[in-house]
Every structure is written in C-alpha cells, then in structure tokens.
Amino acid sequence: MVDLTQQLEDQVQHAYVTKTPLKIQAGNTKAHLGRETSGEVVDMANHTGVVSYSATELVIRVRAGTKISQLNDLLAEQQQRLPFDPPSFNGEATIGGTVAANQTGASRPWFGGVKDSLLGLGLINGYGEAMQFGGQVMKNVAGFDVTRLQCGAMGSLGLITDVSIKLLPEFKAGHTVTFEMTAEVALEAMLRWANLSLPITGMSHFQGLLYVRLQGGDSGVTSASNFLGGEQLNFVAAKEFWQALKEGRLLQPTSNQILWRWSGASDSPISAVSNTSLINWAGAERWILETGSNPPLEGLTQHKGGDRLAQVFGAVSPPQQALQQRIKYAFDPHGILNAGRLYSWM
Amino acid sequence: MNTLSNTSNDLVKQAGEAGNVAALISDLQQLLPASGLIMSTESQRPFECDGLAVYQQLPLITVIPETVDQVQGILRLCYSHRVPLVPRGAGTGLCAGAMPHAEGVLLVMTKLNKILHINQHTATARVQPGVRNLALTDAAKPMGLYYAPDPSSQIACTIGGNIAENSGGVHCLKYGLTVNNLLQVTLVTIEGKLITLGGDGLDEPGMDLLSLFVGSEGLLGVVVEAKVKLLPRAPRVQVLLAAYDSVTAAGDSVAALIAQGIIPAGLEMMDHLAISAAEDFVKVGYPTDAQALLICELDGTDAEVEEQLAVVSQCFKLHGAKNVRVAKDAAEADALWQGRKAAFPAVGRISPDYYCMDGTIPRSKVGHVLTRISELSNTYGLRVANVFHAGDGNLHPLILFDASVDGELERAELLGGDILTLCVDVGGTITGEHGVGLEKMPQMPYQFGDAELAQFRRLKAAFDSEELLNPGKGIPTLKYCQEYRSLQHG
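Going down the list, the sequences are from chains A and B. According to the numbering used here, the residues represented by the first sequence are 1 to 346, in order. According to the numbering used here, the residues represented by the second sequence are 1 to 490, in order.
Think of the hints as simulated: they come from the structure by calculation, not from any bench. Among the clues, some could well be false.
[Unchecked claim] If you only want the chain B side, here are some residues facing chain A, beta carbon under 7 Å, derived:
1) 168
2) 193
3) 206
4) 207
5) 232
6) 456
Yeah, the Cβ is synthetic: ideal placement off N, Cα and C, and Gly gets one too.
Only chain A is shown next, with the shape it has when bound in the complex (with noise of 0.2 Å):
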C-alpha cells in the first residue's frame, strides 16, 4: 500500500534531463514477452495497493505495482472478478505489465480484451508529467482515448501508475466438456456454437480435444451443458486444464524452439495456419511451436523463445511506422521509456 508517484515522477523527470534510457519493471514476469531492453530500471513493483474499491459500484482503481493474484483474492471475496482474465505468471504478475503487454485470458472472445475493461489510468510520460485519463465511470468520451492506446504499448509511452477497471459478478456455476475432435471438425463446431449465444467462456482445441466452458448462471449452464453434449471434465482436471492455458503452460519451447502466435479471422482454415498446436479463442488465436527462427508464416508474433532483438512483433507499413514513431514523440520525446522494446525503430 504505497503510492510512489511523486519518485516515480522525480525519476523520469531526471531521466529527461539526462537523457537517460529507463527500463520499466515490476514482476518482471514478461521478459519473454516483446523485444529487450536495456536502461536503468525504473522499479514500480513497490507501487501497490487499492486506490479505491466499490463493490456496488464493480469499479476497482489499483496502484499499477499491485499483483493480479493478490487482486483476484480481493475481487473473489465481494463474488467478482477481472473480465479478460490475465494470466498471474506464478502469482507475480502486476495490473500495470498485464496493461502494458495487452493479457487477456481464454474468454477474450466474448468477454473482451483488457481494452474493454479498462476505465482509466494514470500515466507518467516521457516528461516526467503525471496524468490523468479516463475515470471510474462506464461511459467517457471527453479528450483522446490515452488510456486504452497503452494497452500493448509495453510501456512505450509512459510508465503506468494506477489503473481503474470495470469489474463483473463471478460466475456462479462452471462447466467444461471435451469432444474428442480433430482440428478441422473442432474449428468448424467453435464457429457454429460461438454464435449460438450460450453462456459459453472458452473453446480450446489441444492435443485432439475440443474443449468447451461454460460459465453464468446454473440453469444457464446447465441447459448449455445438455443442448452440446460431449463428454464432462471434473472440475479438477477443468480447473488445471483453462489455468495452464491461461499461464502459457500447455506449450513450452526448448531452448532450440519458438512459440509463435498468430491472431486473426476466426474462420481461417486450419490448412492458412500449419503445423498449429493449439487452437484458442474459438479459432481466433492460434500457437505454433517451430524449431529454427524463421517464422512459419507471415504476421505471426514471435512469442516466446529465439532472438528476442528481432523484429517480434512483425512488421508495420511505413506510413504507420512513421505515425508509431510520432505517437512515440509525443509522449518521450527523448525515447527513454522501454527504447526498443516493441519495435526496434521506437
């Protein structure tokens, strides 16, 4: 429970001046995600702590230090939770890296992105200014939307302090059941169910199974449940199953491997994306996991694993390179904050 602000902001001020190079960090649990960087770090894991919390109002403002495992406990006790789910990465990972990095768990398809939940954020920039934008309110439209252009932005246009999110009710029954399906037969079952509007909250393809959840109310699920069929997960192996999807620990590169990720139209044939090992969010996101550095296709993101000075993220038009590298400027005009770590050009 410490609000940090004023060093945070005496450090990038300093750094402005010096024309310093800062590394943002807290967890440091997404090392393996984006591009590296190098810089004196600028540590915000000390920053933690509920600004303000109303459960009635299901809008909660936390310092961006603040864990995720630590806020699905505070969120679990009021019967509420995050909307898009992020991973926790071992219990470490922090509210403002989840933003910064864009995580979004398995139910991303119909219960949003990070960007869909997030009200408003506090934001330190290139300058050393702390911000305001957005709020705590459902609807705001007044000025730029700065708050949701940070995420996936790795910090590249300012250092995140507080974040505030819209929350919703936890679910009050769960259910998965599997099909044993081969790729094809299980994207093309996802694309008919996933509009069929069902309370359903996952569909994963891995290892020769379809996996569906279903999530709401119990009558809800429990009609769901005996409309598709298939076979029952107990809720152990259920459980296991969507949180080792979730913490990115179905599919592991070797040292010699890459994870790549690929995000598009969820109807894309399963033949456009080969050699795919997992299939989530009802066929929109896709992993592979390649040996060498070439990557399988092209637009795909290099997730985890190889050269992580390559261009990761893929490549940009020109056009929206130079408007990238302008939206940079405007924010550090002395490109101190994370300097390359999403694109080696910002």
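Let chain A serve as the given structure and place chain B on it in line with the hints.
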C-alpha cells in the same frame, strides 16, 4: 452560443490566403463530378449544422465523394492548400462536432454507403462509413445477427459517425460502445495516405491505435472502411417496467441491481416530466403519477432470462418499486420501449426548444445528482426533464427553454455547464457518448489539467501537424484554456 466558433474562424481567416481557396476549388472541380460539389449558399443550408442546431455555420464548400480515391484526393488537396476540413456523416451528432468551418471544406461521407461483406461464421461485417447504423442491423438480421451499438439516432446515423463519436446507446450497458464492437478501421490521413488500424483478429500487437482513433471526433483522420463485430440475437428478450415514488429510490434500485451482479441488456430511467411528456405523445400506458420509471431489458436463453427475471423483480420491489410490470409479449415490450425512444421528441412537444446534456457519473451518485439538478433547475427558472441510461450512469438531462425569449438560450447554456461541472465534481465526466465537439470545449479545462490537454495536443499533432482536421473542436488550445480560466476566476 457561437462566439467560440467565430473566434476560431477569425483566426483561420487571418492565416488563410484567398489565393489558396480559389486554387483549391479549381482543383476540387477537377477531382469530382459536378454532382459531388455544392457551392451555393442555398444548397449548403442543410449542412450548416448537425443535431445541435444552435451552432450553425455555412462551409466554404461542401464535397460529397463516392469513392475512397476521391476522399484521398480531397484530403491531399486540403493539405497542400492548407485549408481546414470537417468530416460529416449523417449530421445527427449532438455536440456540434460536424459543424462546418467557415473557411473550410465540409466532407460529406454519406455516399460511401455500401455494406461490403457480412461474414456469418465470424459474425463480422465490413462496411463503408456512410452505412446507416440500423441498415447494418437490418442486413444482418436474416443471419440471426445484429450490430450492438444502438444510439437513438440509429435510423439515420452512420457507422463512420459512430466511430468518430464512440457512440453508445441503450444496449451498451451489456454490449459496449462502438470501441468495444470494432475490429478494424481504414482511415485516410490528412496527407491523403491510407492507414489500417486493427486487424482481422481480436487484437493486434503493439499500442492500441484503433481505440485511440475511436471517438477522436474527426480530428485525426477520415474513416473510409470499417470492420465491426456483430452479435447473435438472444433467443429471448424480456422487458420490465418499474414505477417509483422518487428518483432517489429508482437510482438506488439501479445501484442495488448492478451490485447484485445482474447486468441487464438495457436499464433506462425517466423522471416525472419525461414520463408525462412521453405518455402524452405515444400513449403506451406509462403510470403518469410516478416520479420515476425504470425500463429494464433482460436477454439470453430462456433459462438465463427466467433466472434473472426473478432476481430483478424482487430487487426492484425491495427498493421501493410500487409497481413492476413484465411485458407479456413482444408487442408490449415494444410499446414499453417506444415511450423511452420517443422521449426526446416528446419533450420537444412540451417546449419550444430543449438542450440535451450528456454527463456520466458513478451509479451510486444518481440520486444525489438528480436532486442537485432539480435545485439548479429552480435556480435558473428552467425546467429539466431527465431521460437516461441509468445502468451506466449516463445522464441526459433535457433543459427546456424558449430561444425566442431573450436570454433563455444563454441561461440554458449556463445551466448545462453547471450540470456538467457537477458531473465532474462527483467523479464523472462531461460527456459519456455525445462527444466534446464545439459544445463542451468550455468544460474541457475543468475536467483535464494542463499536462493532459498538452498531451492531447501533441497527439493531435502526431496525426495532423497543420491542424487542418476539424480545427477548433474537441481539444482546446493552450490559449483557449488560459482565456477560459481567467474568465472563471476573473
């Protein structure tokens, strides 16, 4: 009300050169067929304002392109001649965001109105910006799908305009605003270049430029194509109406329901004045003796709706509803909605003019804020009807006035300003879904500090360094803020 627009126009006039304008018009004539150029005062009249008609301004010239190439050409010309450009959809906006610029080009996007593709498998649609919001939902209907954002202007408003304003609507409580239902946008920059933000998937690597662009009010670029999410129609929709003796009790009901973990598809509130006006107009059987009404829509499978219905009815009764009416069938549900949807025109019948505000507040503050608005209404001697999205705390106080009475318009504006600052004071915002435009510029320095405003201006410059796109709207200049603050404290 138009003192601000005059100021910004004067500045541009001083900066502009007459030669630029003549050359621009000549170039536009080369680029577009005669039917795509409107220059006479009379023909431009219908374009002089958007839905907030108290702000009016004739543009220098109005252009109506039919192709993306033409849009690129128009922006290139405006850029090379350094002439301001204001993009416009159907002109249904409520913040004067599409009010033309006296020395600029008005770019009307309504002829780029094709639905390019609806993909039933992925529940997505690729559309041009001039497609009407409801036309998309109608086109998706045979596939059992619909487009969730449903602003009350949905019969006329366009997807391009919805993106510019981040439009919401009655159902955004559960299904989100435009920003939550958009996958990709192709835009034309002020230099005339095409840039695509977002992608075919649910997210793209890197900073979320798509979300930044949504709600940017035509200040960053012009949308020429969008890919949106569609949703499956719920098998069952159930509408309830609850009547209350006080707005506070109705407000408490809303907070209690949300706190119980029920997120209805829609949860709307009307106060006594709005109820009476609506009932007089559409005669759907609203209890006119009630001080407040809640209209609640639940959707889902039969099982889900039944489960929620019991909880909602009980919650409303527990928090003081004297009467809860559950629609028996679709016809009755439509009738219950009809009164809410007709509320604005209904209020228009009982007053020569009305001014619609758009603040958002924490749900728990609804009772307090409505009481305070009522006090302000008495102080200013102007009636205020309240019709709003209670579920997400988005207020739409309608200030009733008569513009033909000397000073009433100015009083309405002052009362509106007080309501917006009240929203900020309780932790809310000056605009939930209508946008800042020209209208709410005076309140921007109240909601944001100098550092945030300067950051907005630097972001604007990253897209539009010459400040040609919709200048004088959305983000106040440093000079504007200084003048505003000296007036407030002076």
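Checked hints:
Contact between residue 168(B) and chain A, as hinted, is supported at the beta carbon level, the nearest pair being about 6 Å apart and thus within 7 Å. At its closest, the beta carbon of residue 193(B) sits 5 Å from a beta carbon of chain A; the interface hint therefore holds under the 7 Å criterion. Contact between residue 206(B) and chain A, as hinted, is supported at the beta carbon level, the nearest pair being about 5 Å apart and thus within 7 Å. Because the beta carbon of residue 207(B) sits about 4 Å from the nearest beta carbon in chain A, less than 7 Å, this interface hint is met.
Hint on residue 232(B) holds. Least Cβ distance to chain A is approximately 5 Å, under the 7 Å limit. Interface restraint check for residue 456(B): the shortest CB-CB distance to chain A comes to about 5 Å, inside 7 Å, so the restraint holds.
The structure shown violates none of the earlier numbered hints.
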